[in-house]
Every structure is written in structure tokens, then in C-alpha cells.
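Q: Chains B and E, in that order, give the protein sequences.
Mapped onto the numbering used here, the consecutive letters of the first sequence carry residue numbers 1 to 432.
Mapped onto the numbering used here, the consecutive letters of the second sequence carry residue numbers 1 to 312.
Derived by calculation from the structure, the hints in this document are not laboratory data.
We treat Cβ as the ideally placed atom computed from N, Cα and C, and that holds for glycine.
A couple of the hints might just be wrong.
Unchecked claim - DSSO-like, lysine-lysine: derived pairs with alpha carbons at most 30 Å apart:
{"#": "1", "chain 1": "E", "residue 1": "K203", "chain 2": "B", "residue 2": "K203"}
{"#": "2", "chain 1": "E", "residue 1": "K203", "chain 2": "B", "residue 2": "K244"}
{"#": "3", "chain 1": "E", "residue 1": "K203", "chain 2": "B", "residue 2": "K245"}
{"#": "4", "chain 1": "B", "residue 1": "K318", "chain 2": "E", "residue 2": "K90"}
{"#": "5", "chain 1": "B", "residue 1": "K318", "chain 2": "B", "residue 2": "K352"}
To be verified - Derived Cβ-Cβ restraints for the label pairs, each shown as a range:
{"#": "6", "chain 1": "E", "residue 1": "P190", "chain 2": "B", "residue 2": "K256", "range": "33 to 39 Å"}
{"#": "7", "chain 1": "B", "residue 1": "K296", "chain 2": "E", "residue 2": "K157", "range": "34 to 40 Å"}
{"#": "8", "chain 1": "B", "residue 1": "D293", "chain 2": "E", "residue 2": "Q94", "range": "36 to 42 Å"}
{"#": "9", "chain 1": "B", "residue 1": "T414", "chain 2": "E", "residue 2": "Q94", "range": "28 to 34 Å"}
{"#": "10", "chain 1": "E", "residue 1": "K100", "chain 2": "B", "residue 2": "T414", "range": "36 to 42 Å"}
{"#": "11", "chain 1": "B", "residue 1": "S255", "chain 2": "E", "residue 2": "Y196", "range": "46 to 52 Å"}
{"#": "12", "chain 1": "E", "residue 1": "N75", "chain 2": "B", "residue 2": "Y142", "range": "49 to 55 Å"}
{"#": "13", "chain 1": "E", "residue 1": "P264", "chain 2": "B", "residue 2": "Y142", "range": "48 to 54 Å"}
{"#": "14", "chain 1": "B", "residue 1": "E399", "chain 2": "E", "residue 2": "P190", "range": "37 to 43 Å"}
{"#": "15", "chain 1": "B", "residue 1": "G76", "chain 2": "E", "residue 2": "M97", "range": "34 to 40 Å"}
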Amino acid sequence: MKVKRITKDIILKNGKIIDPYNQKIFKGDLWIKNGVVAGVGDFALPKSSGMQTIDCTNKIITHGFCDLHVHFREPGDDDKETLQTGAYAALAGGFTRVCVMPNTKPPIDSPESVNFINQKAKNLPIHIHPIGAVTKNQDGKYLTEMRLMSKEGAVAFSDDGLPIQDGAVMRMALEYSKLLDIPIINHAEDECLRAEGLMNEGKVSTHLGLAGNPDLAESMMVQRDLELAEFTGAKLHVPHVSSKKAVNHIKRMKSKYKNISAEVTPHHLFFNDEDLMGYNTNMKVAPPIRMEDDRKALIQGIKNGIIDCIATDHAPHKAEEKETTFDLASFGMIGLESCFGAVNKILIKENKMKIEHLINLLTINPRNIMGFQNDLFSLGAVAEIVVLDTNLEWIFSREHIESKSINSPYIGKTLKGKVVHTISRDFVTNLT
Amino acid sequence: MLSQKHFLSLKGYIKEDIDKILETAFQFREVLDRPIKKVPSLQGVTIVNLFFENSTRTRISFELAQKRLSADTVNFSASSSSLKKGESFKDTAQNIMAMKIDAVVMRHPTPGSPKLLAEFIDATIINAGDGTHEHPTQAILDMMSLKEKFGNLRGLKVGIIGDISHSRVARSNIYGLLIMGAEVTVCGPPNLIPRYINDLGVKVNFNLNEVIEWADALNILRIQKERMGRSLVPSVREYRSAFGITLDRLKSHKKEIVIMHPGPMNRGVEIDGAIADSDQAIILNQVLNGVASRMAILFLLCGGQPTEMVEK
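Based on the provided sequences and hints, a complete structural model is requested.
A: Next comes the structure, spelled out in C-alpha cells:
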């Protein structure tokens, strides 16, 4: 991957432009001058020489992707990832904007720590937004200074990784968040039902003898959160939905209460629990990869709009933390670099969805959930653009990983569709 | 000699291999009845017994099998907690391999760890129990004991009684017996029978009396005391009332039924002492057959030649 600071005008030539904001698809060029959009579609090309022209024939030009759920491990675990290495992993995946989860060491649970992220991230090639913790020290008890954190730039609140077990605390958090009108994101797992579960409870866990984590552990918590959201009138975002039961609960609640949204990860769409047959610790994630029936329900949930966006839950871990027995291995996988090739393969190639729908799930939908600027092809908009080759089949390998960690079960898998250029702020990335 | 290099699991094992192991085990059983119970079959072969979990009988059984075959053996015991604190599993494995050994017999509390060991090192790996996953050598000795008693495993009806969820003995027995054409019914408290157990090809029946009427043999699992009271098993008398192999219960059935137990037994809990000591129990045959079975598995995997096998 080559990342360069933009020094001259860029013309993306002769691409298929998909504009998710105006819901328009047309052939044309896109002109970036001084890091902002200077022309889209038909425009009079400037005569100056020394422009960089990128041929986009048979390629798609669209908004840069936005990921509401990544772990960049800074502060505290910068041997797994830093805001900088995470930003490069994002560029490799076509992401120009991400929200980082607060389960760092220490957690992002004060206005000062929100500010720390913003200061460290401000000159990086992508936009990084901190999500603040719901409770102090993420211990599920006392609310953080949400308003002050929001003023410093926290875009949502979550104790991700640690489910808020106490229903009264969750209610208070939702009630209080109405002051700010930004979403609460609860990692939905009932810890008692999950118990010591290491993978989805099902046929495969029964054969492997591994303690199972039942789908109920997720769906019952999702149902609680949905009811609390409706009851309080607050904004709820359900992260990494993994089970058919949870999809059904969200579907029912969405028919009567609109202020909820949901995300799904590429790995819950790509894999099922049969893929754990070899005890592959890179497949050990929370919530767990579930059965084929669940995977199909997630795809269906995307098709009929119950699930609003794709989020990677990019979770870097050191090699030693995965190269161990299944019980001791850490939960999580990286996912930014492999995201588009995985979801494009599953949703477009295998499930015949339209590419513009998939692009909505990666661009305008997540931006709308967080209230980010989303008219990215308007003149003067700061560049957040990707160029996609949707037909390219490629084998994902170590060399495609920009993250500091390599805990990816996609290594060796054939993906379809690839990000070929990411243009973000003042940077242009060449991935061909 | 067998189609797989390692002995990790009976899931997906082929019948021909189990037949070969059993046939060899019966030949070694004869060796064990001789005055001098030792053959030179594995002379020069080095085997490490790597036990990350306490075990007395399985370790002794393996060690004895190795000694009877003239292999060189080393024992390594490490509690899993010390492993958690210090050296990684990978380092332990590679250190042992660096000492040029041929085979590792491993017991470990985590399912799948023998497979991981096989990925890390080059030696032949034999699973001596991996958590709640499998205990394949136990299943071989159980099948050997049933074959000894009944002559054939095809069509045999076997009940496995107790805590199926946490039992590696149950899983390996189920896989092995079904491959050999036997039928298996599991019976125990419904909260200790996995929801998806049918996928292993067994029937489930919560009524022990019905299972006794149906079965030719029962394999009685040890009820672990630490499960008592943890909302899993309310009490000993509660358990015994439904699933205990008691003298009264067996008397009320007018049939001879063969009783097995992988040990160690809790007399007066899952089984009455009088039954364990009775003629219908083949529990001590299982122990002897354990040595013969492990000799057979070690012999077939560690490159012994058939002609050397029973040489005096």
C-alpha cells in the first residue's frame, strides 16, 4: 500500500460514480483540488498541467467508508494497534472515518481522555471519532460525564466488550443521553447466560466439547435494550448483531419505534460455526460466530433494511494471544482490510444484492446514525472517496494487512471486490 | 499402520483402524498374562507423558503400557494454572520437541489442545483426555471390554449414564461405538445433556429404568462432586433417586446387565459399592484392558513391526 500526501490536483477519470447522498449513479470524472471536491460528473477540466489522473474505467467511485466500531487500542495496548496503524488499516479497507471504542487502558471515560484521542488523531489521514464509555471505568455502575465528553467530541457512548448488565443503569444511560441526542451502544450479552461460553452453543460446540454461548444470551439482552429504548425515547444502536433471534426482535421493534439502528460485522456474514471445527482461535470472537441459519437471517436482515450498516469490530490482538489453547485465546479479529472483499462477495456475488445498497451500508447509513456530514460529493467537501474494483477476485494474505496485528481468519481466503484507491483528507492511497 | 498419524479424536475415525487397534490389543492382552510381561517392540522409542491435569490411573496405565513395550518414557506434570502464569503452551511444546522425542501422550483441560500441539511439533500425539472434548483411548478400552464380554459390537445396545455435557468419556464412546455399529442411548439429568447431542447420533432418554430394560450394557459416568449444589445437581440423594445404579434398582429388573465405569468411582453416589464389586461389573477388566489398548495404540502409531509384536 502506498500512501502519499496530495501535492497536486487529482482527476478520477471515467468511473461509475455512485452518490449515496443524492442516490444517483452516473458515469463521469471527479476532481479533487487542495484536498476538497472541486468537480463531479461533467465539469470543465482545468487546463493546468501536473495533475494526477487515475483511470477509473470499470471502477466505482463513491464515498469513503465509515466504520462505527473499531478498537485501535490506544492508550494502553499500543503493541496491538495505535491510532496511526489503525488509520492505515482503515485506508487499506477504504475507510475514511471510524469510531473508536473506549475499552482502552485506561478507558475513555472522561472529557480529558476524549480530548487525548482527538489530539492524537487530528493529523492522521482519516477521521477518528472517540466513543465514550457509558460508565466510569466501564464498571457498569456510575454514568460518565456524558455532556462534557460530548462537547469534547465523543460521538456516542458504549461500554463495548463489557455488556451493561444492570437494567437500571442502562435505563439511566438512555434517559440521560436524550440531553445529547446521540446513541447508546450496548454490547448485548447476558453474562449469566453466556457463562464461560467460548463459542456459539450448537452442534459444533457439542462435538468440540467447548463451552457454548447460546444465542439467547444476545437476543434477551437486545430485547431488554430495545424495550428500554422505546420506553425512554432514547437513541439505541445495537452493535454486531449475530443471531436470528436478535434480528427478529429488532424487526418487531422497528415497526413501532424508529429511533434504533443496528450493525452487523463482515465475519458474522462470512463465516458460520462450522468454520471453528479446527479450533481456529482467530474465529474466537464476541459475540460468537453462529450457525448457518443465523448467518442467513443476518443477510436477510440486511436485504430488508432491519440492519442499517456494516461495522468491522476490528479487534487487534498480539500473535501470542491467539497462538494458544482455545480457552486462553483472546476474543476478536481484525477486519478493516478484508471488509469490502468479504461483504461484496457474500452480499453481491452470492446473494445478488445491488452494489448501491451495499455502498449505503458502508457510507451514508453509518454516517446518518452518528449525524456525520454525508453530502460528500458537494463542491468543497473534504475528500472522503474510494475507488472500487467490484469484480476483482483476490486471495487475502499477510501483505494486505496494515494493522499492527495479524489475527485474521481471512488469510488464505478468496475475496471478491477490492478497494483500489482511498482518498482521505490530504492523502491518496494506492492499493493496486 | 493406522491411517492417521496422531490419535486425537474418534470423530471421523475409520472402522478398519478401530478393528486393527482392538485386534492388536487382544494380542497384547495375552502378553500381559505371561510371566514376563514385556516385549521389545518399542525399544529406542522415546515417549513423553505430558499431563497438564491431575490423573492417576490414565497416567499409570500409559506408563505401564510404555514400559511393557520397552519404550523410554519421561513424565511431565504441570498444572494448567502454572502454565497460565508462566511459559506458554507453545514454548512448553517446543521445548519438549527440542529434546528429540518420538511421541507425546497429553492430558490437558482445554478441548482441542492436542490438535494444537500437533500443529506446533512434529511428534506423534496421543490424546489422553482434553477437557470436556474426548478421551479416545478410554473409548478403545471400553470397546475392547465390551467385545471381550459380548464377542461383537455390532447391534450392541449401550447406555451412557450421568453428566453427558462435561464428559469426554461419553463423546469418545459415542463416536467409537457408533462407528462399530452399536446403538447408544444417553441418560442423565436433562440439564447435563447437551441440547444438540442428537447430532452425535444418539438417542436421549431421561428414564433410567427404560434404559436398563433396553440396554445390554451401561457405562456409568462419574458424577463430579464439584457439580453438586452448583444448580447442576441438587444433591446426592436427588441424583441417586433418578440416576443412581443402586442394588434395589437393578434387582427390580429381571435381566443381567453389564456394568462399566471409567473410574474413579464415587461408591454410594452414581453406583452402589455392591454392584461395583459384583460379577456383572467389568470395571477391573476395563483397567487391565486399558493397558493392552494403550499398548496397541502406541505400538501401531510409533512404528512397531507386526513380527516383533508378540516375540518372546
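Q: Does K90/E sit within 30 Å of K318/B, going by the straight-line distance between their CA atoms?
A: holds (14 Å)
Q: Look at the Cβ atoms of K100/E and T414/B and judge whether their distance stays inside 36 to 42 Å.
A: Holds, since K100/E and T414/B (Cβ atoms, about 40 Å apart) stay within the stated range.
Q: How does the Cβ-Cβ distance of N75/E and Y142/B compare with 49 to 55 Å: does it lie in that range?
A: holds (52 Å)
Q: Given a hint of 34 to 40 Å, does the C-beta separation of K296/B and K157/E actually sit inside it?
A: holds (38 Å)
Q: Holds or violated: are the alpha carbons of K203/E and K244/B at most 30 Å from each other?
A: holds (28 Å)
Q: CB of G76/B to CB of M97/E, is that within 34 to 40 Å?
A: Roughly 35 Å apart at Cβ, these two residues keep to the hinted range, so it holds.
Q: Falls inside 36 to 42 Å, the C-beta gap from D293/B to Q94/E?
A: holds (41 Å)
Q: Is the gap between the beta carbons of P190/E and K256/B within 33 to 39 Å?
A: holds (37 Å)
Q: Holds or violated: 28 to 34 Å for the Cβ distance of T414/B and Q94/E?
A: holds (32 Å)
Q: With a cut-off of 30 Å on the C-alpha distance, tell me whether K318/B and K352/B pass.
A: violated (37 Å)
Q: Mind checking the alpha carbons of K203/E and K203/B for me, to see if they're no more than 30 Å apart?
A: Cα-Cα ~15 Å, so holds.
Q: Look at the Cβ atoms of P264/E and Y142/B and judge whether their distance stays inside 48 to 54 Å.
A: Since P264/E and Y142/B have Cβ atoms about 49 Å apart, the given range 48 to 54 Å holds.
The structure fails hints 5, 11 and 14 (numbered hints given earlier, in ascending order).
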